[in-house]
Every structure is written in structure tokens, then in C-alpha cells.
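**Q** Kindly generate the complete structure, drawing on both the sequences and the hints.
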Amino acid sequence: MNKNPFIRLKRFFLYFTLTILMGFFMFPVYWIFFTSIQGSNLFVRNISFIPRSITFSNYLDLFVEGKFYIVTPLINSLRVALLTTIVCLILGIFSSYAFARLRFKGSTTIFYLLIFTEMLPPISFLIPLYILFRRLALINTFGGLMIGYTAWLLPIVTWILYSYFKTIPQDLEDSARIDGCTRVGALFRVVIPVSFPGIAASAVVCFIFSIGEFIFALTVITQEKVHTLPLALSEFVLKYSVEYGKLAAASIIMFLFPILFALIFQKFLVKGLTAGAVKE
Amino acid sequence: MKSPISLESNPKKLAFFLILPTLIAVFAILIYPILYSLTISFTSATLRDMSFNFIGLQNYFSALRDQKLGNAFILTIEYSAVTVFFKLLLGMSLALILNEKFIGRGLTRSLIIIPWAVPYIVTGIMWRWIFDSNIGIFNFILNKIGIINEYIAWLASRSFALSTIIIADVWQGTPFFIIILLAGLQTIPEDLYEAALVDGAGSFRKFVHITLPMIKFQIFIVIILGAIFAINQFDLFYIMTKGGPADSTSVATYYDYKIAFRYYKISYASAVSYLILLLTAIITIVYSRILQRSEK
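Those sequence lines, one after another, are chains A and B.
According to the numbering used here, the first sequence is numbered sequentially starting from 1.
According to the numbering used here, the second sequence is numbered sequentially starting from 1.
Don't read these hints as lab results, they were simulated from the structure.
Cβ atoms here follow ideal geometry from the backbone N, Cα and C, with glycine treated the same way.
Please note: incorrect hints may appear among the correct ones.
[Said to hold, decoys possible] Here are some of the chain B residues that sit facing chain A, going by a computed Cβ distance under 8 angstroms:
#1 I40
#2 F42
#3 Y120
#4 V122
#5 W129
#6 I130
#7 L185
[Unchecked claim] Some chain B residues well away from chain A (every beta-carbon gap over 10 angstroms; in silico):
#8 S51
#9 R65
#10 D66
#11 K68
#12 N71
#13 E78
#14 V82
#15 P119
#16 D132
#17 R158
#18 A196
#19 G200
#20 V208
#21 R262
**A** Have a look at this one:
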């Protein structure tokens, strides 16, 4: 290593700042995990940072019928999130391919208008949407939730995939078409397979959004049997706000999938999220 | 049913069919309701009485006189400014560090994405627990190191409640800032710094004269998106304070939701949501100018 004292001081400062900041960002995750497996009574004022005894009873309580039963909302949420993701990917691939590859009149204008709908404040379409959903009997239906999420996500999915399609060399597609592929055939056989990173990034964004979305679900879902995870958790907080062991276990169940997906697809995700923010 | 061959020969038609489902969805769920909401805002409709009597601009006039709403907007602007400031400060610091070479950099870059993936409801629960008035770790630590003698009910305190939500939001939102800023930093060519080193420039001057101008665009993006996210923040307010105590965390979005779904005054709520829309529209216009400029 470098012996220069100035550089060593700089190193020290770097590690010091890094440790403090990462402590801030990692501690809550550790703490909620700790709380979920902490066996002994939480209601003592002498807190330790390492569990005194380990228990999984908080988790078990979530999976047996009772006031913390989360199996129904878990299944509801996974169902809505997976279906929303699939629909968004299919429609998003179509539209972004059209914007990236096919020149047509007004394509840039339509594209930017589409992207800017992402900036609309949810509260401004939520209130009228509630009235419309009530008229169309979409209140308390998964279909209603999914329609809302799909429309909400399509602009961002289109944006991520558009940026990705733009990076694929046109030659690749051209040679497939010379070999007798139709445009649509080339899309499925060439463009989609090589776009896996972009598609994976979009899928993770869709999944994380739809499994955690709250304000829309709160508005259009009123019956307990169609509750999604965020609704179930917010009910727990309202009713049993001090049972932190159970709340913590439920939180862990809820963010398990989002965190795993985010970590597994991290590289693609970073590329997808920074699409448009970085000029190649 | 059109055969793919005829679409093949006509890319414009193909494009039309490919983007149609997306446009229909976005129009039906986002654009049409917003236009519909404009007409509602000119009526006296409530969720109990859905007769849409035209009353002109009255809802907007009452909005301008509504003291609570005025405070809510001030809170929103305060909240946005403070969260964006801290996200930028922490985000820039970590992005700069993560751009240096050090042992464990790959792992740190992976871990830092975690808060971004955590749903807001869970973030709210986590920080509620940390700030709990009786058994929260925050009180415990402050008490142990002697900063406070008595435990404080942070979430129920008029002076601290907003700060606890700001901390939760900064925790959740900074990783997104880091990702964008780091991506910007990585595009700066190494030889720029080497040239500066030859000229004898110190770290601070390198930061001000090379780094900042080179990632100006990314900084604009995170500030604008950060402001929009902050204006739209609802989940944390709902789960942590419910707008209380004494409306000290009742920001515009939360207040608007309450008008619509607690007091059922949808026409007034629609008018208020148009004021929120106006606020974000101003920010979005600035954003689009910057995007367009970078396209050139």
C-alpha cells in the first residue's frame, strides 16, 4: 500500500465515512430481522444488539389461522404482482419496440407524452378512478388492481426497454430478416433473447412496485379477503401496533422477494434504472 | 384479422398495433380520469351525494382560503426540499466513495440497493419501531449515551414527527440517487483527473471543476425526480403518523386523500389534486427542458 501519509489519511476518512453511512442504511434491515427472531421479551428497556434467544414463533404465527394470518394476502399479492409483471412485459416489449425501431409520424411526441404520464401525481387520478371503478364494479377485484398497476407501470417499462432496444445493433435484426424472418419473427427470435438484461430489469421494477404499492390498493380494496400484503400490514400496525415481533416477521416475509430479486438482478437493474440518465 | 405479411409491408401499421394496447391503458387509467377529475372539480359532488351540480370555480376559491391546505402545501415544499437535500448529500458522498477502488466495493454496491427494494409500508414499520417511544432503539441509545434523560415520543411530537418521516424517506430514497449519480461518475474519463493532477489540483478543486460539471445532468435528474417523489409521498405519512400530531405532518397529498376518502368531498379534493398537479407540472416542465437539451 501507499506509504504517503496524506493518502493514508484519505483512505481512513473514506472507510470511516463508508462505515457510518452503510451503518445507517443497513442497520434498520438488521434490526427488523433481529426483532423477528428475538425470543425473549421485547418489552424490556435493556436492549441488546444480539438476540438473547432465537425463536421462529413469530413466523409460525403468520402461517396459522389467527389475527396475524398472512397467507391470504401473501397469495393475493404474489398473484397480482406476477400477473401485472407478465402483462406489463408483453405490452411494454411491443410498444418500446415500435418506438425504438419503427419510424412513424409523431413517434417522438407520443413517446415523450407517454413518459411524462409517469410524472403525474397518483392522487390526481386516484380520486376519479375510484368513482369510475365503483361504476364499473372493479372495486375489490384483482382485475381492477392489475389494470391500475399495468397502466401505471407501462410508461416506465417502455422507457427501460426502449433504451435497451436502442443499444442492440440494427445489423443483428437485419441479418435475421435477410435469412427470411419477418419483422415480428426477428423481434421474437433475435431482439427479445438478446434483451434479457433489459427485460429482467423491467420485470424486477414491475414486481417490486406491484407487491409494495399501497395508496391505490387502499383506495380500491375494502374487503379483507382481497387484501394485499401492504394493506394487511397496515391493518396490523393499526390494530396491534406494539406487537413488533410479529410485525417484523411479516415485514421480512414482505420484503424477502423484492430484496432477493433486486440483489440477483442488481447489474441489470442498475443499467435499467440509469437508462436515459447516462449518455453512452 | 390482418395477416402479419400485410403488417410486414407496412411498418406504420405494425407500429400502430404494437403501441395501441399501451396507449389505451394509459389513456383509460391515467389521462381520462384526470380530465374527468377536472369536471368533478367544478361541481359540488361528494361520495354520498353524487349529483354533479355545476358550481364553477368555487372549489378553487375555497382552496385558496383554506388555511389547513395552505399549511399542507408549505409542509410539502419543506418536506421535498429537506428530503432532496439530504438524499443528494448522502447520495453524492456514497456515490463518490463507491467510485473509488477499495476492498469490498462490489459487496457494498450490491448491499446499498436493498433499501430501494424495501416497500414503503415496511420502511414505515421499521422506523416506527426504531423511534418507538417506550422500547425503541433510538431512545435507548440516546439515553445510554446521555443525550436525553427521558424517553421522547418522537412520532407523537409536533416538533419531531416530520423529521422521523424525513429520515425514513432519506433511508429509502438515497439508493436511487446513488445509482444515478454513480452511473454519471463512471462516465467521467480517468485522464481528465490525471491531467488535473499534473496541473496540481487538489481533491476539492477536482470535485468542483471536473466532477460536478461532468455529472450536472445526473444531479438535475435526481433533484427533479426526488422532488416529485417527495410531493407524491403518501405511504410513510399514512403508516407513521397519519398526518398528526395536530396536522404537523399533514402534507398536501395526505390532506387531499383525507378530504376525498374521510370527508367524502370528492369535488373539493379534485380541485386540490389539480393544485398538486400544477406543482408537479412546473417541476416536470423544467425536467423536460433539461432532457431535451441533453438529447441535442
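**Q** Are the hints correct? Go through all of them and say.
**A** Consistency of the hints with the structure:
no. : hint : result
1   : I40  : 6 angstroms, holds
2   : F42  : 13 angstroms, violated
3   : Y120 : 6 angstroms, holds
4   : V122 : 4 angstroms, holds
5   : W129 : 5 angstroms, holds
6   : I130 : 6 angstroms, holds
7   : L185 : 10 angstroms, violated
8   : S51  : 13 angstroms, holds
9   : R65  : 21 angstroms, holds
10  : D66  : 16 angstroms, holds
11  : K68  : 16 angstroms, holds
12  : N71  : 17 angstroms, holds
13  : E78  : 18 angstroms, holds
14  : V82  : 16 angstroms, holds
15  : P119 : 3 angstroms, violated
16  : D132 : 8 angstroms, violated
17  : R158 : 20 angstroms, holds
18  : A196 : 16 angstroms, holds
19  : G200 : 14 angstroms, holds
20  : V208 : 17 angstroms, holds
21  : R262 : 12 angstroms, holds
When held up to the earlier numbered hints, the structure conflicts with 2, 7, 15 and 16 and fits the remainder.
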